[in-house]
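Engineer: Each chain is listed here by its residues.
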Amino acid sequence: MTTNTTAAYQNSFLREVEAHVEEGAWVKMCMQCGVCAGSCPFGPHWEHSPQKIFMMIRAGKREEVLRSDSMWMCTSCYNCLVRCPRKLPITHIMHGLAHYAHRLGLAPKGQPTRESARLFWNNCIKHGRINELKFTLALYFKDGLAQGIKNALAMQGIGLAMLKAKRLNPFAIFGGHQCKDKSGIQKIVAKARELEAKRQEQAA
Amino acid sequence: MTAALEAAECGQQVLLIDKAPTLGGRTAQLYRYFPKMCHPSCGLEINLKRLKGNPKLRVMAMTELVAVTGRRGDYRVTLKVRPRYVNENCTACGKCAEAVSSEIPDPFNYGLSKVKAAYLPHLMAYPQRYVIDASIANTAEGEKAKAACPVGAVDLGMQEETLELTVGAIVWATGWRPYDANKIQPYGYDRYQNVITSVEFERLADPRGPTGGQLLRPSDGKPAKNIAFIQCAGSRDENYLRHCSRICCMATLKQTQYVREAGGDGRSTVYYIDIRAIDRFEDFYQMVQADATVSFVKSKVARIALNEVNGNPILHGVDTEGYHRYATEHDLVVLAVGMEPEITGLLGNGLAAAIVLDSSNFIEGCAGASADAGMFAAGAAASPLDVNRSVQSATAASLKAIQVVHKTVSTEVA
Ligand SMILES: Cc1cc2nc3c(=O)[nH]c(=O)nc-3n(C[C@H](O)[C@H](O)[C@H](O)COP(=O)(O)OP(=O)(O)OC[C@H]3O[C@@H](n4cnc5c(N)ncnc54)[C@H](O)[C@@H]3O)c2cc1C
Ligand code: SF4
Ligand code: SF4
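Chains A and B, in that order, give the protein sequences.
Numbering that gives the first Met the number 0 puts the first residue of the first sequence at 0, with every later residue one more than the last.
Numbering that gives the first Met the number 0 puts the first residue of the second sequence at 0, with every later residue one more than the last.
So here's chain B without its partners, still in its complex pose:
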């Protein structure tokens, strides 16, 4: 969003495509964000205001780039647009959702709760329009949604479309996805209900999340009081992701504060190799270290077992400060999962040949000589970055893209 806004505000024509039905990315799914502990809705609101007031910027949601050919200043891109089954007439009144009864796992809550198959992705979604899930589009349920809409916005005849356009430069801001915790077998994410991921924990803490903001554990819905955070779950590990995901230490430090603020006698224990509170965040780390509700164990947990009686996960390992062996029970375990580039495994149709990836699949830049570069990466697509640094990198990428457009247009004129 930032990259698109910066370019549009410099007077460029910008097309912003997002494969999701709404803008905002994963930042919108955080409860609050470090270091200031503010709500993401605030930054989102500012960006949406900039966006709505800018005639140079066009947004296409549910759209993916599937192929690119050509060169800097003159790229031909192929876009695939998935049907939303709801057109611009939608006023987001929600009558369609009332009419249907089928439910799907709510992507906004990482599937922790269900949502009607006619839904608004989240309260601040942009475009502010409902989506009819493809699973009901051609069913009686879809017809019910259509009948309920007072403004005739439900269009069940929509089809997938393919478009081709020409653009001067491309900024890849495709972000990240949480590493698949099932792959970390010794931690039993797939076997133990009370082992969850950090992104799921964000949703638990959010008053608009599946538990209304209460930190309830999945197995029995009891409040989680004694919570373990396991760092580097999938990161810094040659068997999983080789890079340090860089933000998960700060994310955990932040989440210990959700536990403290939940009141009661909640305690957090952080199991870590070393805490990487990057850059100026050392203050935040010191603040959490001084917090009596938080303790730290310098050890990468070796494996998790289950107490069959009470459903508590039992953490096994050896600490590095004294080599003490432990087997510690907690009510809930949060895996600080790593950030994997969203494009991992998705590149096809000549895209793979067009861009260069590093050994962890983050986008380094354009294939070929740097003088020919007309494609740039921004945010978590380029490197595991927090929101602040993603925004900075977006501004930088945008500036490079603007230069490309200026230079190539002026050579053509000359």
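For reference, chain A alone in the conformation it holds in the complex:
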């Protein structure tokens, strides 16, 4: 009987967020004042403002939250974070949610920020530092060959100007600058992943 009557109040998704999302323990501190939603320069362009996301978490809307593309629209301007009357680290929570959704494979497929972040980190870990040319090309061609050529043509002017200003090295396509101890960096990343996995296991 007790379980039945209290079941509605046992918000398992809020608990899940508290345990697994960076700074997730702050979500319950939100008082729904709306300052963050009104302060976000991107506000009008996303479906779920931080205020709304935090309420959805508390209302147990797991699928909707984790599949939302709102967290991926955050530009880290920190407007909400500095103005929140309850000092919630909103920007960090938004990134934490995005990361969690990504790990679970629920983040929206093809979401541009997610894609570029994925390409960026793959590139960075592989080379030990970012290879700008390869990263740019990968971004251009992420939606297929035809779209890639279109993108490249559209950005032609900027590309040529960067070449002229020696900000872009065409030979980087053959490898470009590498860092001294590439495998060392890869080991650091692998170790960090291992620690994170262990932490997640403990939280679960």
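Keep in mind the hints are simulated off the structure, nothing from the lab.
Take the hints with a grain of salt, since some may be wrong.
For each label pair, taking beta carbons as the anchor points, the in silico distance ranges come out as [stated by the list, open to error]:
#1 B:T327 <-> A:D180: 42 to 48 Å
#2 B:K221 <-> A:R57: 44 to 50 Å
#3 A:T112 <-> B:A326: 52 to 58 Å
#4 A:R198 <-> B:G344: 42 to 48 Å
#5 A:V81 <-> B:K221: 48 to 54 Å
#6 A:T112 <-> B:G367: 57 to 63 Å
#7 B:A366 <-> A:R117: 56 to 62 Å
#8 A:T112 <-> B:Q285: 44 to 50 Å
#9 B:G344 <-> A:A202: 43 to 49 Å
#10 A:N10 <-> B:D282: 31 to 37 Å
#11 B:S369 <-> A:V81: 47 to 53 Å
These numbers come from a predicted model, not from an experiment.
Cβ atoms here follow ideal geometry from the backbone N, Cα and C, with glycine treated the same way.
Position chain B with the ligands against the provided structure of chain A, taking the given hints into account.
Structural biologist: Then chain B with the ligands, alone, in the frame of chain A:
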């Protein structure tokens, strides 16, 4: 005032000091006060009558406590008395004010208007004596005031004095000040003329205020018809004041009635997180909710922009009931600013060590063991309280102070 009167009426010797040139505090600066919407002059009159008839009570205006040592029953206090440049002979005839031409921002109207540099703080000021502002004391203007006085009350030779006395107990009733709205940058109080504070709005509504009681907006002097009230301006906010100032919801509900009573087609919109009509004031809230001239938007305004053409502030935010984004123009915005303890930042000379403050700088009590306590806080110095509750807390503090004096005197005798 209440704390002093209660003790004096119990037969204690009481010294009431106020750093202002008059008693009455900020209550005297309200146009009317909730919940009964009466004028503060009424309560003030009653208290002044009690005070004038009581030989046990002595008032020192323009006086501040600067240091305290000793212990319960035997405190040595150091007082600093600022020169008023006007002595007891003053009959408040006002000839000195007629004679001078310099003006200063009128503190009674929060600087919204000017007053002569020889002035009576307000009509019911007590002591009922003029003040010569220090800025003209040593000038030809000061001499003019002196020459004009028919009873020789102007004394330009007055100096700041320091006094030391011994007292048995101390009641701190130092009150509050409006939170500095300039610190709330997104609201642009410092940039937009038509964004004002709730205490300034009180003065606008008062027939004795700077606009003769008309709700005129500062930028162009036009009647304000479409007025926004922003709640928790500086309160309940870790970036500003962390406490709920407790009275500003009621103050706004009251002020919407000033708008309605001004007649015409005035409308009020209240932007709020939640309305905290404390205690029995829920009735008042319901009365205002039923008022067709008042609407409520559940949202803390995120920022204010300016319509450069007509000077209207534009409020930006998202409401909590449906998450609708709004950008709403109003003629005038009133920030319901929070109450900050007046002593914030003023404690020095060992005072800081003598009293204990809470995390918002309200006075909790005396430092040290409670059995040694001989200092008590009353009114808005203790907590953000309305007039009624300030008076109750003053009576309570006074009773504790009387006990201290009784107990310490009897131990000494024994
Ligand atoms: C916009 C607004 C509207 C309000 N409207 C209402 C209302 O309608 N009804 C209601 O009940 N309440 C209202 N209040 C609250 C009301 O103003 C307070 O409850 C009241 O002023 C508290 O009285 P007090 O005597 O404790 O403090 P104060 O009024 O602040 O008086 C403190 C006194 O101490 C003196 N003082 C300060 N520091 C020193 C010092 N260091 N040494 C010597 N003297 C010192 C000051 O000069 C002053 O005379 C309103 C408040 C606001 C902000
Ligand atoms: S600003 Fe802070 S308290 Fe207000 S809705 Fe956003 S997260 Fe919640
Ligand atoms: S009384 Fe109302 S306006 Fe004032 S701080 Fe509390 S909730 Fe905010």
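Engineer: Does the hinted range 31 to 37 Å hold for N10 (chain A) and D282 (chain B) at CB?
Structural biologist: Holds, at about 35 Å.
Engineer: Holds or violated: the 57 to 63 Å window for the beta-carbon distance between T112 (chain A) and G367 (chain B)?
Structural biologist: The hinted range 57 to 63 Å holds for T112 (chain A) and G367 (chain B), with Cβ atoms some 58 Å apart.
Engineer: V81 (chain A) and K221 (chain B), beta-carbon distance inside 48 to 54 Å?
Structural biologist: This hint is violated: roughly 35 Å between Cβ atoms.
Engineer: Between A366 (chain B) and R117 (chain A), is the Cβ distance one that fits in 56 to 62 Å?
Structural biologist: holds (59 Å)
Engineer: If I claimed the Cβ atoms of T112 (chain A) and A326 (chain B) lie 52 to 58 Å apart, would that claim hold in this structure?
Structural biologist: violated (27 Å)
Engineer: In this structure, is the beta-carbon distance linking G344 (chain B) and A202 (chain A) contained in 43 to 49 Å?
Structural biologist: holds (44 Å)
Engineer: Quick check on a hinted range of 42 to 48 Å for T327 (chain B) and D180 (chain A), using CB atoms only.
Structural biologist: violated (58 Å)
Engineer: Look at the Cβ atoms of K221 (chain B) and R57 (chain A) and judge whether their distance stays inside 44 to 50 Å.
Structural biologist: Holds: the Cβ-Cβ distance is about 45 Å, inside 44 to 50 Å.
Engineer: So does S369 (chain B) sit 47 to 53 Å from V81 (chain A), Cβ to Cβ?
Structural biologist: violated (40 Å)
Engineer: How does the Cβ-Cβ distance of R198 (chain A) and G344 (chain B) compare with 42 to 48 Å: does it lie in that range?
Structural biologist: The hinted range 42 to 48 Å holds for R198 (chain A) and G344 (chain B), with Cβ atoms some 44 Å apart.
Engineer: Taking the Cβ atom of T112 (chain A) and the Cβ atom of Q285 (chain B), is their distance within the range 44 to 50 Å?
Structural biologist: Since T112 (chain A) and Q285 (chain B) have Cβ atoms about 48 Å apart, the given range 44 to 50 Å holds.
Of the numbered hints stated above, those contradicted by the structure are hints 1, 3, 5 and 11, listed in ascending order.
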